[in-house]
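Trainee: Here is what each chain is made of, one letter per residue.
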Amino acid sequence: MKEKDGIPDRDLEKRFQSLSHRLNERRGSEKGDETKRTDVKSGFAGATRMSSEFIAAVLVGAAIGYFLDKFAGSAPWGMIVFLLLGFVAGVLNVLRSSGELADPYSAVWPGEKRAETEDLPAAAPDDDEE
Amino acid sequence: MSNDPIHQFHLQKLIPLEIGGVDISFTNSSLFMAATVAATAGFMIWATSGRGLIPSRAQSVAEIAYEFSSNMLRDAAGSQGMRFFPLVFSLFLFILIGNLWGMFPYFFTVTSHIIVTAALALLVFATVLIAGLSQHGLGFFKLFVPSGVPGWLLPLVVAIEVISFLTRPISHSVRLFANMLAGHITLKVFAGFVVSLSALGVVGVAGSVLPLVMTIALTALEFLVAFLQAYVFAMLTCMYINDAIHPGGH
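The listed protein sequences correspond, in order, to chains A and B.
Mapping of the first sequence onto the numbering used here: position 97 corresponds to residue 176, and the numbering continues sequentially without gaps.
Mapping of the second sequence onto the numbering used here: position 90 corresponds to residue 753, and the numbering continues sequentially without gaps.
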């Protein structure tokens, strides 16, 4: 959190720092595993991960569309709509698993300062780049 | 047999059995699943039978395995998640030992069949659904409603989230299956190159050193993948269990 020009408020910065400190403490061991995993992971594993996430979502969308059409007689609209939704869900899956988007399945407990924790994933990559 | 990279995945009926028109033969896959369970359970029982305050070597291994998976689960799902520890620990050990059995030449790799990994992934999926619904009732469906989305966008976002949720068992199972299948095929293909190259005379024998080196390197990589994929599968299980316990966690 070194973006001082963006955030003139010292108080806010302090809160950010304490929050990231607390979160690091809580997720310290997990983060260690995570970085180890990305170091060690072969390119092939990443490729299967991304492609399986994407293809699975398109397949699920197509399956929902197909069965909706079959049982509700709405052909071809169910297929069209759900195939596109499946495509969108696939992109969402890929973005989540590549860490471009905040991962909702990560170990952030709910009910604890939700607004702040949602800021964090966006701020954390900046931290790494600087 | 010698040069067919797919042959290692063929199912063979060891004890043909059929009950009510359903084929429930005991195959080589069943044999290795049984061997995996026997090895896992046998080792854990044997290793923890001493119950020494100062652990023996075997007991240390068992304790490390326990600590590793319990930390993984506690980090991902909190201490409430520890109720699901038996599931996570069994899955982790089953996949790990199944993968490692597959590293022996001429052995069968249980996890290289998608039906096996799909059954494991669906078990996790069903556990998440049942545990989430029984614990939170309809509140479990908050999982599909991200906070801070404008009302008119909600139907679209919920549909996308539901589809994204339904893809989990598929990608969960395909990831493990594809890694094990592809790894074993690559290993076999490169090992086959050694044989076919060395049939070409002196130049071939000299050249076959290259695929041999590659095979050795791939074997090491496969051991890594065996551990890594067991870890990834268990880790994803922990994350999904976290959703069942804390469905509002978006």
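Honestly, the hints are just simulated from the structure, not real lab data.
It is possible that some hints are incorrect.
[What the hints assert, rightly or not] Listed next, with one range per pair, are the computed distances between beta-carbon atoms:
(1) B:L819 with A:P155: 18 to 24 Å
(2) A:A126 with B:I793: 32 to 38 Å
(3) A:V160 with B:R746: 51 to 57 Å
(4) A:A126 with B:L716: 54 to 60 Å
[Unchecked claim] These stretches of chain B come out as covered by chain A in the derived footprint (C-beta under 8 Å, 3 or more residues):
(5) 715-722
(6) 837-845
Each residue gets a CB set at the ideal place from its N, CA and C atoms; glycine is no exception.
Trainee: Now look at each hint and say whether the structure bears it out.
Mentor: Here's how the hints hold up against the structure:
no.	hint	verdict
1	B:L819 with A:P155: 18 to 24 Å	holds, 20 Å
2	A:A126 with B:I793: 32 to 38 Å	holds, 33 Å
3	A:V160 with B:R746: 51 to 57 Å	violated, 39 Å
4	A:A126 with B:L716: 54 to 60 Å	violated, 47 Å
5	715-722	violated (count 0)
6	837-845	holds (count 5)
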